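Here is how the chains run, residue by residue.
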Amino acid sequence: MNLRFYLLRRIALIVPTLIGLSILTFSIARLVPGDPVGLAAGPQATEEIKEALRREFGLDQPLPVQYINYMSGLFRGDWGQSLYTRRDVLPDLRTFWPATLELTTIAVIIATLLGVPAGVISAMYRNRLPDHIARILSLFFVSFPAFWLAMIFQTWFGRDLGMFPINKRLPVLVAPPPTTTGLFLIDSLIQLDFETFFISLKHIFIPSLVLSFSAFASITRITRASMVEALEKDFVRMERAIGIPYRIIIFKYVLRNAFIATITVISLNFGWLMAGAILIETIFDWPGLGLYAVHASLSLDFQPIMGIAFLYGVVFSLINILTDMVYGILDPRIRYG
Amino acid sequence: MADLLNIEDLHLEFHTYDGVAKVLAGVDLKMQRGDVLGLVGETGCGKSMTALSVPRLIPMPPGKITEGRVTFDGEDILSKSESEMESFRASHLGMIFQDPVTNLNPLFTIREQLVDAVLYQQARGQRVPGRWKGFLPSVRQLRSEAQERAVELMRLTGIPDGDKRIFEYPHQFSGGMRQRVLIAMALAGDPDLLIADEPTTALDVTIQAQILRLIRSLVKQLGLTVLLITHNLGVVARSCERVAVMYSGRVVEESPVRELFKNPKHPYTRGLINAVPQKDVSRGGLIGIPGMIPNLINPPAGCRFHPRCEQAMEICRRQVPAAIAVGAEHKASCFLYPEDA
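Chains H and D, in that order, are what the protein sequence lines are.
If you're matching positions, the first sequence starts at 1 in the numbering used here and goes up one per residue.
If you're matching positions, the second sequence starts at 1 in the numbering used here and goes up one per residue.
Chain H on its own, in the form it takes in the complex (with noise of 0.2 Å):
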């Protein structure tokens, strides 16, 4: 079996799960106690209006019925409506969600390009002083809440070196690129504006940096971990005993052995961090996902919620299949298997 087959295999895999995904969405959000409604309409509220907001709605409907047209919904591009904002959920999260994908994004390159050399430097230097150090530093950047180094890099990058500006994803007198894919640092690209790609690049460092530290230090551990663990494999002496140097050995014969378990990390590091993201997001004053979804949630406002939980489901499956991909392109025997 090759790798087109392989991968053809693990996207029809998806339609399964986003049905799973769909009918736990909806049953989450429908069986929740509480109601919905009535926080909506207010405490005022006679109870003709709310009858008036159920029927609008339709949750005067039986529950497989509401399933029913919440699934055709969902095909067609209509993800239902805000109960309070009286907004389509779907633009909304088109507009809230790039930020947080492009915050996200940016602390797992980040955490991915520190992280893996410092694993490697550590298993290198195994239980010597580079490998100390970098392991104390691990444990620094896991142990430390993020919302607490947030702030400390805010008063030190932000307000006494004036190095980073404090907040938000562009200056109030910027105006955000043309939207194609609502990274503002994709758009400007396109738009060959490098001076807003640098000023939003200027504002994504901070947060992204610290978002990605606990990923950074699990990056780190699991690629010590799996790059001594490959370091003790037979081909590892018989490929010194042959004459291949030392440093071809780690960097392409070891590193790929030990990239298998670093890629499975990396990718639930990529899942946690956008879930995660919503700390950083409040003392960035972010624009993103995690404030809509928090308010949401506050409010039992169940279109926006199961809308988020859909959109999360199918990111997760996207990741999970890159991951896959990834697999099958460094180890043979997974792809032919």
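Bear in mind the hints are in silico, worked out from the structure with no lab data behind them.
Predicted model only: the values in this text are computed from it and were never measured.
The beta carbon of each residue, even a glycine, is placed where N, CA and C say it ideally should be.
One or more hints might be untrue.
[Said to hold, decoys possible] Facing chain D, from chain H, some residues (calculated, C-beta under 7 Å):
1) 5
2) 55
3) 58
4) 231
5) 238
6) 245
7) 332
[Said to hold, decoys possible] Derived lysine-lysine pairs resembling DSS-like cross-links, with alpha carbons at most 30 Å apart:
8) H/252 with D/30
9) H/252 with D/262
10) D/64 with D/30
11) D/133 with H/233
12) H/202 with D/64
13) H/233 with D/164
14) H/233 with D/262
15) D/64 with D/80
16) H/202 with H/168
17) D/164 with D/133
18) H/233 with D/80
Using the hints, position chain D against chain H.
For chain D alone, coordinates are given in the frame of chain H:
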């Protein structure tokens, strides 16, 4: 003729939690160019450690060489720096190991591994341009020549359709074929010395015979010098010219193969040969050597074999016997034989 390899009085210790294990206690071994020397002994007698001391691949720490010299073609190996060792291994040594499944990297094609073996061994420690520089015509030329050489090596080691199979991954090869690939990798740089550490132990019996036949034919074709490590006296009898018997960190007897089987001198060697199962086992069953291999942390004083030796004398408990000539090219380390024989 000058010695190709000369191991003199090599002492190796391993620092473990339980104490210091004296793994090698004065190993002496000499090899000339063209020799095919078998190194036999029980598990844990130090034969693999002796072999690994030549490419200096003993993990240090916990290992530590406390005494002795290893010279190769007159060069002192133990005083070389790690980068000198890299180029030394590339230019002079080839090595094959026991398990062909774990000794090939599962994630890379045979081509990737074999071409690297060819390139780095031919470069003899010099830098080799990486594959990403393939856009340069000179690099592409170099790599395609290396690949031709790799296919040639596969043919030499008896792998059919090398030009096609070189694109496959190790898991698509059988155990015997993988061992052939490993032999091809070891031979890529025309090594002066091939060290084979139990090359047939992990293979099944029919494949063992094929691999031994291959090694023998390579010896004949290429004039290889081989140090063959095994615990199997049958392998030694079929493949080697000379044999050295190790017991608990020392070489106790060394002789031409025929002489050793006909006329074993050291009591341990006699025990080993008696322990080889005969066709007619109905009468007595298997014969073993009584006792256990000695503890390396607290080895017996004097000759380490004396607690298991039926002919042990008073002196054996106090003094370590030196190697004594007991025949033409035949040496044994035992007090049973007078010094001037």
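- Hints violated by the structure (numbers, ascending): Going through the list in order, the structure violates hints 1, 2, 3, 4, 8, 9, 12 and 14 and respects the others.
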